[in-house]
Every structure is written in C-alpha cells, then in structure tokens.
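With the hints as extra help, turn the sequences into a complete structure.
There are 2 protein chains.
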Amino acid sequence: MNTCRVALIQQACQSNAEQTRQHTSQAIRQAAASGAQLVVLQELHSGPYFCQHQSCEIFDLAEPIPGPTSDHFSALAGELGIVLVCSLFERRAAGIYHNTAVVFERDGQTAGIYRKMHIPDDPGYNEKFYFTPGDLGFTPIKTSVGTLGVLVCWDQWYPEAARLMALAGAEILIYPTAIGWDPNDNPEEQQRQREAWTTVQRGHAVANGLPVLSVNRIGFEEDPSGKTAGAKFWGSSFVAGPQGEILAQADTTSETILIHDLDLQRCEQVRRIWPFFRDRRIDAYGELTQRFRD
Amino acid sequence: MNTCRVALIQQACQSNAEQTRQHTSQAIRQAAASGAQLVVLQELHSGPYFCQHQSCEIFDLAEPIPGPTSDHFSALAGELGIVLVCSLFERRAAGIYHNTAVVFERDGQTAGIYRKMHIPDDPGYNEKFYFTPGDLGFTPIKTSVGTLGVLVCWDQWYPEAARLMALAGAEILIYPTAIGWDPNDNPEEQQRQREAWTTVQRGHAVANGLPVLSVNRIGFEEDPSGKTAGAKFWGSSFVAGPQGEILAQADTTSETILIHDLDLQRCEQVRRIWPFFRDRRIDAYGELTQRFRD
Chain A
0 MNTCRVALIQ QACQSNAEQT RQHTSQAIRQ AAASGAQLVV LQELHSGPYF CQHQSCEIFD
60 LAEPIPGPTS DHFSALAGEL GIVLVCSLFE RRAAGIYHNT AVVFERDGQT AGIYRKMHIP
120 DDPGYNEKFY FTPGDLGFTP IKTSVGTLGV LVCWDQWYPE AARLMALAGA EILIYPTAIG
180 WDPNDNPEEQ QRQREAWTTV QRGHAVANGL PVLSVNRIGF EEDPSGKTAG AKFWGSSFVA
240 GPQGEILAQA DTTSETILIH DLDLQRCEQV RRIWPFFRDR RIDAYGELTQ RFRD
Chain B
0 MNTCRVALIQ QACQSNAEQT RQHTSQAIRQ AAASGAQLVV LQELHSGPYF CQHQSCEIFD
60 LAEPIPGPTS DHFSALAGEL GIVLVCSLFE RRAAGIYHNT AVVFERDGQT AGIYRKMHIP
120 DDPGYNEKFY FTPGDLGFTP IKTSVGTLGV LVCWDQWYPE AARLMALAGA EILIYPTAIG
180 WDPNDNPEEQ QRQREAWTTV QRGHAVANGL PVLSVNRIGF EEDPSGKTAG AKFWGSSFVA
240 GPQGEILAQA DTTSETILIH DLDLQRCEQV RRIWPFFRDR RIDAYGELTQ RFRD
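Protein chains in written order, with numbering that gives the first Met the number 0: chain A, 0 to 293; chain B, 0 to 293.
The hints are simulated quantities; they were obtained by calculation from the structure and are not laboratory data.
Be aware that a few hints might be false.
Since the list can't tell identical chains apart, any single copy or any two copies may satisfy a pair.
Derived lysine to any residue pairs resembling SDA-like cross-links, with alpha carbons at most 20 Å apart [said to hold, decoys possible]:
1. Lys231 x Asn1
2. Lys141 x Pro122
3. Lys231 x Ile272
4. Lys127 x Asp282
5. Lys127 x Arg271
6. Lys127 x Ile281
7. Lys231 x Asp106
8. Lys127 x Arg280
9. Lys141 x Gln18
10. Lys141 x Gly77
11. Lys141 x Arg277
12. Lys127 x Gln190
13. Lys226 x Asn1
14. Lys127 x Ile272
15. Lys226 x Gln25
16. Lys141 x Asp293
What follows is the structure in structure tokens.
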C-alpha cells in the first residue's frame, strides 16, 4: 500500500509568542519522531486569533515571507525531513497583508504559498479588516508527498475552491482553520455548526474523490474589545478519506497530534466507481461566475 | 413560523406498472390526508429501475409529457390540492428520451419540468444508453410552496448543480433518486457509500444555506441481463435543514411516508450568520468550466 503518514497538530494558544512557537515546534518534533511525513498546523498558529477585534497595532505582528517565523519553520522542516504546512500573517507591503499558508519541503525549501481567497467578516471574525483577498488563485502546491490543495478556513465552505484545486491535480485537500463557538449560542446551535463544518468538508472529499485534512485550534480566547463573548474554538481536527469517511478525529478540547497513514491509492479506486469528473456539464456551468442569477 | 409540510414517499416497486401506480397514488393520498403541501416521489417511480441492463424495447415505456402518466398525476395533484414532484421517462422524439422531473401545481397545472443534466454510466446503471443529457440547464421551478431546485439522482454528487439552483433563487433542493448497493460489496463499503451519498447532499445544504429533500426507493431488483448481482436500493430518504442537519430520515428497508414541517424562515437566519454568497470569488471561478486544469 502506498501510504503517507500525516500528522495534524491541534493546540491551544500559549501565553506569549515565544512560548507558542516553542510549544508548536515541540509538537512538530514529536510528530516527526512518530514517522509523520506531512505535518499540518492550524490557522495563524503563531498566536491568539487576533481577528476578534480591530486594532491597527496588530499589523505589527505581520511578517514578510521569507521572514523570521517562516525561517524558523523552514529550518525545522529541513532538520526533521518533513513536509510542513504553516499558516502565517503575511506582510506583503504597507497596507497589503494576507492570511497565507506556506508549505516547506523536507529539505527546508519553500514548496509554495497560498493566500486565503475567501475572507469572512462576522462579529468576532473581522478578517476583512486585516486580510487583503488572495490573488494567487486556487493553485495546488507540488511536494515530495504529493500535490497539496492547501486552502484556509473560510475557504472550506466553498465547493468552488475544492473543485478548482481538484481540477488542477490536488491529491489531498488541506484546511488550516480557526473556528469556534459563540459561548452565547445554545448547545443545539453549537452542535449544528460544528457538524455543518465537518459535513461540508467531507462533502468536498466525496464530490472530488480525494482525502481532506482539516486542522483547528482549541481553547477559549477572549475578545479584547469586549464586544463579543469571545470564541471557544471547537478543535475536532479530522482526516477524511475520498468517500468522505472519517478516518481519524480529535475531540473538542484536547491538545492532539492526530496521526494517520493515508492510503494514496484509494483515490484512484474511488474515482473509478464514482467517475464524477467524467460527467461534469461544463457546457452549463458558465453562470457560476455570477454573483446571483437574477 | 412560516412552514411547509413536506412528504417524501419511499417505496418498493410493485409487480406491474398498474399496481405500482395504484400503490404510489395511495401513498400520495395518505400524505395529502396528513396535511402535506409538497409531495416528492422517488426517481422513475413508474416501475423497476430499468437501467440495470440495455434493451431497445424499454424505450416503449417512455411517454411524452403531457402523456398518460403525467395526466394521471396532474389530476391527482389537482384533486388533492398539493404540489407534486414526479420523475418520468420522457419520450421527446424518436431517439431523444430524457430522465425528467415534472412538478404539478395544486390546481393540477404543470409548474415546470427539469431534464436530468448529469447522466451516469456504471455497471448496473446504464443511463447513458437511455437518457439524452438535459438541455434545460439548472432552472428552479416556481410553485405556490416556494421556488424548487429540482435535480435528479446523479446530479446530487455535483456541487455545481446545487449552487446554480441556489444562485437562481431555489429555496429548497429536491432530489428524486434511485441508488442502491451492489450485493457483492462488503458491508463496510456499502456503509461508506450510503454515508457519502447523505454527506454530499447535506454539504449542498450547508454550502447554499437551504434545505434538501432526497427521496430514494427501497427493495432488491434483479438485473434482467444477469450481468450484475442486481441492486439493493438503500432508501434512507431524508430531509436536511440549511445547516445540513438531518431533520427526518427513513430507514433502508421500510416503505415510508416521511413527513416534516419545514421552517421556511430558517434559511434567511442561517444565511445571515454564514453569508457564503457574499464572499464568493467570482473573479477566480472561470476555470470551473474546464474539464481539467492541466
């Protein structure tokens, strides 16, 4: 069996940036020691999810790529001989900042970057304030463990993003993410939201016949502005197979290094029994580029 | 609460066409007596799922629309004052046959038709032999209970179809379907397939913030050609809400009239907290009309 051992690192944010980096690096080392060939971190893993409020000072946290944080993780990937998916706050120019995933090869070289294309904006998720929408399109990143369709968080709700990655040859879809509950919502609503989040991503696996890795943070983080009740990140990081089946999943509260041996041949088998790509009505999809068909 | 009482009729095929029609009509009457305003039948409900094998004589079963079968169900919808979604084998011309859904208004008038756009072809599902691909596109049908995004079976694997219906104002997605297990597959594979089928459709509900009604048949049907082991249709007809939550579901073996009071206001609330349509990157979706991005 042609497998790839993957590790999804689900963590809480530590009390400062240096401790958070140490904590994350330690988990990466542990994953590599367990034989992981591909390690995926959660969205914006360098610190708290700062988009709960709007503050111009937060832009000080952004770094160029390459920059100090990407240099650190690039060196670590090279030292451990792993492919590593990071999620960083990128300073591209004054006034242009991105929510950017960076993939490092096992020799430490940068395999590619992806700039988050779909940017949310809701109470507690002020991302349109911080992030310029990505302009690199939906382009998978080639690595020694396969072609990775790296997307970020809000992208996970968009079948278009998953499909474009799959059509461009992605073999695995990967979503670093930071999503949590509003503590004011009732348990039924919280359950529906977490389940919807899992379901829509499993749906991308099914529709495109490929595995999905989704990595979320855990822990409660306050809203510094006091405007919302804060966010309780729901973890639940998971590995799904090409029929959308859950192969491994973390819980909602535990720091977890989720390890799974992904069968890379399964995709070919599944696409033979369910040849969805064959039957796409590309002659009738033109209006997908419209905002609304009214 | 602004609700619509829906009924999904999940049945086995009877031993001949007349009995099948009687049996289905009886269930429709029962659904209407229970207060259903919208009744949905399974795919090709007039008889066995004939696509297991290829035979030119089968084309004799096709009827024009309007024709005897559509006249029967149109009259029944008018008599009972319900909106009724049928699924018929349409003869459009010599050599042009479609797998067509017909929606009747509560006065018996035809509200609209939809011709299946995505046509499968697998061992036991020889649909490309029988059905010319639809040429009406993805156009919802306006009725007195709402704007219905009626699609058929294989369409359910395609996020593009669901999205185009939603973008054109569909308020409910509806899938008459006929899907079953190959008795030669092991129970784990069978379970993965049924779960994938549910998941991808629930995913469409999530991605588009609208409810989904999916109606499948039950019962074992032999392959008259003896080439395959036949099909064991897995039922599991369901109603999902706009967060993909299962609101009602039938089992895999029972004839069921699945009734649910659908909350039509929920959709508006869900789309306000998850405004996915707002953030679609329509500038970057152009290549969805390509077969493959190679």
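Going down the list of hints, with the structure as the test:
1. For the identical chains of this complex, lysine 231 and asparagine 1 are neighbours neither inside a copy (38 Å) nor across copies (33 Å), given an alpha-carbon limit of 20 Å.
2. In this assembly of identical chains, the alpha carbons of lysine 141 and proline 122 never lie at most 20 Å apart, being 36 Å within a copy and 35 Å across copies at closest.
3. Proximity of lysine 231 and isoleucine 272 under a CA criterion of 20 Å is satisfied inter-copy only: 17 Å between copies versus 40 Å inside one chain copy.
4. Taking the shortest Cα distances, lysine 127 and aspartate 282 sit within 20 Å of each other only across copies (17 Å), while inside one copy they are farther apart (34 Å).
5. Taking the shortest Cα distances, lysine 127 and arginine 271 sit within 20 Å of each other only across copies (16 Å), while inside one copy they are farther apart (41 Å).
6. When the C-alpha separation of lysine 127 and isoleucine 281 is checked against a cutoff of 20 Å, the pair qualifies only between copies, where the shortest distance is 17 Å, while the shortest distance within a copy is 32 Å.
7. With identical chains, the CA atoms of lysine 231 and aspartate 106 are never at most 20 Å apart, being 36 Å at best within one copy and 51 Å at best between copies.
8. Within a single copy, lysine 127 and arginine 280 get their C-alpha atoms only as close as 34 Å, which misses the 20 Å cut-off; across copies the closest is 14 Å, which meets it.
9. Taking the closest pair of Cα atoms, lysine 141 and glutamine 18 never come within 20 Å of each other, the shortest separation being 31 Å inside a single copy and 58 Å across copies.
10. For the identical chains of this complex, lysine 141 and glycine 77 are intra-copy neighbours only, at 16 Å inside a copy versus 59 Å across copies, given an alpha-carbon limit of 20 Å.
11. Taking identical chains as interchangeable, the C-alpha atoms of lysine 141 and arginine 277 are never at most 20 Å apart, the minima being 24 Å within one chain and 31 Å between chains.
12. In this assembly of identical chains, lysine 127 and glutamine 190 lie within 20 Å of each other by CA distance neither inside one copy nor across copies; the values are 26 Å within and 41 Å between.
13. Neither within a single protomer nor between protomers do lysine 226 and asparagine 1 lie at most 20 Å apart by alpha-carbon distance, with minima of 50 Å and 32 Å respectively.
14. In the homo-oligomer, the alpha carbons of lysine 127 and isoleucine 272 lie at most 20 Å apart only across protomers (16 Å), although the nearest pairing inside one protomer, at 41 Å, exceeds that limit.
15. When the C-alpha separation of lysine 226 and glutamine 25 is checked against a cutoff of 20 Å, the pair qualifies neither within a copy, at 34 Å, nor between copies, at 57 Å.
16. When the C-alpha separation of lysine 141 and aspartate 293 is checked against a cutoff of 20 Å, the pair qualifies only between copies, where the shortest distance is 14 Å, while the shortest distance within a copy is 39 Å.
When each numbered hint is compared with the structure, violations occur for hints 1, 2, 7, 9, 11, 12, 13, 15.
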